[in-house]
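Asks: Listed here are the chains, written in short residue letters.
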Amino acid sequence: MTDATLNGDGGRPNGSLTTQDDRTKARNRAETRFKAYGLAAILVGIFFLVVLAVSIIRSGSPAFTRTVVDVEFTLSQSEFEAAEEELFKTKAYQSLFISTLKGQLDERGVEVAFDEAAIERLLGKVGGTIREFYTANPDKLGEPVQFELPASSRVDGYFNGRVTRESIQDSRFLMKADLDLVDVLHDAGIMKSSFNWTFITGADAGVDNPGGAGIGASVVGSFFMMLVVLVLSLPIGVAASIYLEEFAPQNRFTDLIEVNISNLAAVPSIVFGILGLAVFIQFMHLPQSAPLVGGLVLTLMTLPTIIISTRASLKAVPPSIRDAALGVGASRMQAVFHHVLPLAMPGILTGTIIGLAQALGETAPLLLIGMVGFVARGYPEGIAAGFTDPNSAMPAQIYTWAARADAGFYEKAWGGIIILLAFLLTMNIIAIILRRRFERRW
Amino acid sequence: MTYAKITTSALALMAVSATAAAARDNVQVAGSSTVLPYASIVAELFGENTDFPTPVVESGGSSAGLKRFCEGVGENTIDVANASRAIREKEIKACAENGVTDIIEVRIGYDGIVFASQQSGPDFTAFEPSDIFNAIGATVLKDGALVENPHNNWAEFNADLPDAEIAMFIPGTKHGTREVFEDKVLLKGCEDTGAMKAMMDGGMSEDDAEDACLDVRQDGKSVDIDGDYTETLARIDANTNGIGVFGLAFYENNTDKLKVATMGGIAPSTETIASGEYPVSRPLFFYVKKAHIGVIPGLKEYTQFFVADEIAGPGGPLANYGLVADPELAETQAAIEAEEIMGGGS
Numbered sequence: 001m002t003d004a005t006l007n008g009d010g011g012r013p014n015g016s017l018t019t020q021d022d023r024t025k026a027r028n029r030a031e032t033r034f035k036a037y038g039l040a041a042i043l044v045g046i047f048f049l050v051v052l053a054v055s056i057i058r059s060g061s062p063a064f065t066r067t068v069v070d071v072e073f074t075l076s077q078s079e080f081e082a083a084e085e086e087l088f089k090t091k092a093y094q095s096l097f098i099s100t101l102k103g104q105l106d107e108r109g110v111e112v113a114f115d116e117a118a119i120e121r122l123l124g125k126v127g128g129t130i131r132e133f134y135t136a137n138p139d140k141l142g143e144p145v146q147f148e149l150p151a152s153s154r155v156d157g158y159f160n161g162r163v164t165r166e167s168i169q170d171s172r173f174l175m176k177a178d179l180d181l182v183d184v185l186h187d188a189g190i191m192k193s194s195f196n197w198t199f200i201t202g203a204d205a206g207v208d209n210p211g212g213a214g215i216g217a218s219v220v221g222s223f224f225m226m227l228v229v230l231v232l233s234l235p236i237g238v239a240a241s242i243y244l245e246e247f248a249p250q251n252r253f254t255d256l257i258e259v260n261i262s263n264l265a266a267v268p269s270i271v272f273g274i275l276g277l278a279v280f281i282q283f284m285h286l287p288q289s290a291p292l293v294g295g296l297v298l299t300l301m302t303l304p305t306i307i308i309s310t311r312a313s314l315k316a317v318p319p320s321i322r323d324a325a326l327g328v329g330a331s332r333m334q335a336v337f338h339h340v341l342p343l344a345m346p347g348i349l350t351g352t353i354i355g356l357a358q359a360l361g362e363t364a365p366l367l368l369i370g371m372v373g374f375v376a377r378g379y380p381e382g383i384a385a386g387f388t389d390p391n392s393a394m395p396a397q398i399y400t401w402a403a404r405a406d407a408g409f410y411e412k413a414w415g416g417i418i419i420l421l422a423f424l425l426t427m428n429i430i431a432i433i434l435r436r437r438f439e440r441r442w
Numbered sequence: 001m002t003y004a005k006i007t008t009s010a011l012a013l014m015a016v017s018a019t020a021a022a023a024r025d026n027v028q029v030a031g032s033s034t035v036l037p038y039a040s041i042v043a044e045l046f047g048e049n050t051d052f053p054t055p056v057v058e059s060g061g062s063s064a065g066l067k068r069f070c071e072g073v074g075e076n077t078i079d080v081a082n083a084s085r086a087i088r089e090k091e092i093k094a095c096a097e098n099g100v101t102d103i104i105e106v107r108i109g110y111d112g113i114v115f116a117s118q119q120s121g122p123d124f125t126a127f128e129p130s131d132i133f134n135a136i137g138a139t140v141l142k143d144g145a146l147v148e149n150p151h152n153n154w155a156e157f158n159a160d161l162p163d164a165e166i167a168m169f170i171p172g173t174k175h176g177t178r179e180v181f182e183d184k185v186l187l188k189g190c191e192d193t194g195a196m197k198a199m200m201d202g203g204m205s206e207d208d209a210e211d212a213c214l215d216v217r218q219d220g221k222s223v224d225i226d227g228d229y230t231e232t233l234a235r236i237d238a239n240t241n242g243i244g245v246f247g248l249a250f251y252e253n254n255t256d257k258l259k260v261a262t263m264g265g266i267a268p269s270t271e272t273i274a275s276g277e278y279p280v281s282r283p284l285f286f287y288v289k290k291a292h293i294g295v296i297p298g299l300k301e302y303t304q305f306f307v308a309d310e311i312a313g314p315g316g317p318l319a320n321y322g323l324v325a326d327p328e329l330a331e332t333q334a335a336i337e338a339e340e341i342m343g344g345g346s
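Here the protein sequences come in this chain order: A and B.
Here the UniProt record's numbering is used: the first residue of the first sequence is 1, the next is one more, and so on.
Here the UniProt record's numbering is used: the first residue of the second sequence is 1, the next is one more, and so on.
In isolation and in its complexed conformation, chain A is listed as follows (with noise of 0.2 Å):
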């Protein structure tokens, strides 16, 4: 600007306005530099989430399929009911099965020299399945059934390419000379590998029985903590920023109950665990691993969340909408019922399912109230035992998965991440959907 003042011929100082002079064309680079700049960390950002994405993916789709045995297996009254004498009674019913298996093979003349230690390496724990069947249809004793059980991880493994003949080298768990029999079994169509529905389905299972392990009964515990959490935050939350909002006068008082409420929705989660271990478990005496504690645990944490964006919402509703119920007569009650909430309610529902969403991926203040470790009930019978009886929640169970021995738990604890990927998305594409459809601008 000066040179072009001080330029006695009040042109621009080379002539065409058509050819950029060097600070143009400098300021242009640096405006290209920082798209590129800008670029480069969108690019960054997306290359890590396809790693991560291609990770968990490749890592956690194992744990969907299983390998299984196919075996039409009789059980008669006689054997069922010296069985039910045994103190270790699955023990029994995986004996019966071994030697059934070991005679239809028998039978069919396979050449690979096995005897019953192997094919009980090569099973999972299957007496607790076959139980189960036989106290629950009593009828079917006698009948042939057939039986499609899990074989052991390593065998899992096998097929999945996580377990060689190089790396079972020094395992007793499963020997070189059982691959060839795996082998022969998979040719003959009764190993194969079929969809894991325990997986969905299923409680978490003992150290030894990866096979038989699902996620199941966690994601009924997390669903009945957000419960919890909903009931009691949502009406809490809402409750109070309408009154800091639109009634409470602003004084020291409401000054510092706002900045605690900002401070809370920083404070580590571990925290309100320990708050929850001492207030909810030793001081109420409610139960220990119950999905009720874990909620009201989880709704303190969700609180600053759900009030913090609740008022902003409240915020963002025009003066004049409020000024204008006013002015035809309603009540400041009135106003803020009939008139603000119904249009804060998108922003409002988003913020609380965004922090429900964050409640469900939360373990730590889990593990203190006692939901993270071995907590396999299978299902609540009824509503008050969902709240109450002690279950697992879907990340506490993938925690647990994580630090086993066995690596076939290392999968199931990757396919676990999927899941709760997959509820967390779909909670992330509700919130969406609300705040599109119902959000107004002025």
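Treat the hints as calculated values from the structure; they're not laboratory data.
Remember, it's a predicted structure, so these values are computed and weren't measured experimentally.
Please note that a few of the clues may not be correct.
Some chain B residues judged to face chain A by a derived CB distance under 8 Å, without partners named [as the list claims (entries may be wrong)]:
(1) Arg24
(2) Asn26
(3) Pro37
(4) Ile41
(5) Glu44
(6) Gly47
(7) Glu58
(8) Ser59
(9) Asp228
(10) Ala249
(11) Asn253
(12) Asp256
(13) Tyr321
Heads up, simulated EDC-like pairs for lysine to aspartate or glutamate below, C-alpha to C-alpha not over 16 Å straight-line [said to hold, decoys possible]:
(14) Lys184(B) with Glu277(B)
(15) Lys91(A) with Glu79(A)
(16) Lys259(B) with Asp170(A)
(17) Lys257(B) with Glu166(A)
(18) Lys259(B) with Glu166(A)
(19) Lys142(B) with Glu191(B)
(20) Lys290(B) with Glu301(B)
(21) Lys300(B) with Glu339(B)
(22) Lys257(B) with Asp170(A)
(23) Lys91(A) with Glu81(A)
(24) Lys91(A) with Glu310(B)
(25) Lys290(B) with Glu71(B)
(26) Lys290(B) with Glu339(B)
(27) Lys91(A) with Asp309(B)
(28) Lys290(B) with Glu340(B)
(29) Lys176(A) with Asp256(B)
(30) Lys174(B) with Asp224(B)
(31) Lys197(B) with Asp211(B)
(32) Lys221(B) with Glu156(B)
(33) Lys140(A) with Glu79(A)
(34) Lys102(A) with Asp70(A)
Where a beta carbon is used, it is the ideal one built from N, C-alpha and C, also for glycine.
Let chain A serve as the given structure and place chain B on it in line with the hints.
Replies: Only chain B this time, still in chain A's reference frame:
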């Protein structure tokens, strides 16, 4: 009005569930992460084989478990504490202060502690406790004098060991495994190398010298792992020369990734540990509150089921997973039958 209704029904629901919760019907267990795998196997089988609900087993370490165990008597406290070491005098006292006086001690078997390195790393075949002490002790004896640990390389003090940098991953202090590691390896190594004698000659009392023997160097060559064995495994995976301390069962489940080191020339296995040839092993315990027997359904049955011959004996599922069966299991069973408490009596 509707808000009032919702709030009332929510409160009513909570009240109902709170009363329903008054009677706990499952056994609640917490403690050692070494015992956790065995306890979870037993818990699953107990649920499958009896009409009692599956017990809940939490992890967290022996000390944390015993601390919760000693919080008091009542349904909101745990029934059983798993521990990979015996309960300490101090803990018994803390228990007694909170009214937990009658404790039944149950020994379930033995666990070997193994040293293992990466499958593709150098071979560590000639370990003695003294080597471990020389590698990670805070103060060691070098050329007849006590010095701050100067060793960077295994070959520096034992020519039989590979020329590899020292990197050990040992259990953190909240683990029961640490205590056994200190007793059977560090202290033994301290005595064997003569460092302890040198310390006592230097004017230390025996207790002080023992404490000094257990000090671990803090320069990063030895790392305390407070998490589970999977964390140690991840560290070993990332470090060719790393040596980690594991339980035998964990190692046997991961033979494809880990290579075991011998101790005193003996490779660890259930046989060598049972015979006592492999020196680094320890008993595993759990502790039961006698006051809860008869109150919590299934507690005594769970305890009996755990140590039954079919479960904890040789060839049972626990031995299969890597527990070394206790030769005196029959005595334990009899003690549980009679509900014998610690310190005699019943």
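Asks: Give a verdict on every hint.
Replies: Outcome of the hint check:
no.	hint	in the structure
1	Arg24	holds (6 Å)
2	Asn26	holds (6 Å)
3	Pro37	holds (4 Å)
4	Ile41	holds (4 Å)
5	Glu44	holds (4 Å)
6	Gly47	holds (7 Å)
7	Glu58	holds (3 Å)
8	Ser59	holds (5 Å)
9	Asp228	holds (4 Å)
10	Ala249	holds (6 Å)
11	Asn253	holds (4 Å)
12	Asp256	holds (4 Å)
13	Tyr321	holds (5 Å)
14	Lys184(B) with Glu277(B)	holds (13 Å)
15	Lys91(A) with Glu79(A)	holds (13 Å)
16	Lys259(B) with Asp170(A)	holds (9 Å)
17	Lys257(B) with Glu166(A)	holds (11 Å)
18	Lys259(B) with Glu166(A)	holds (14 Å)
19	Lys142(B) with Glu191(B)	holds (14 Å)
20	Lys290(B) with Glu301(B)	holds (13 Å)
21	Lys300(B) with Glu339(B)	holds (9 Å)
22	Lys257(B) with Asp170(A)	holds (10 Å)
23	Lys91(A) with Glu81(A)	holds (14 Å)
24	Lys91(A) with Glu310(B)	holds (9 Å)
25	Lys290(B) with Glu71(B)	holds (14 Å)
26	Lys290(B) with Glu339(B)	holds (7 Å)
27	Lys91(A) with Asp309(B)	holds (13 Å)
28	Lys290(B) with Glu340(B)	holds (9 Å)
29	Lys176(A) with Asp256(B)	holds (13 Å)
30	Lys174(B) with Asp224(B)	holds (10 Å)
31	Lys197(B) with Asp211(B)	holds (13 Å)
32	Lys221(B) with Glu156(B)	holds (15 Å)
33	Lys140(A) with Glu79(A)	holds (13 Å)
34	Lys102(A) with Asp70(A)	holds (13 Å)
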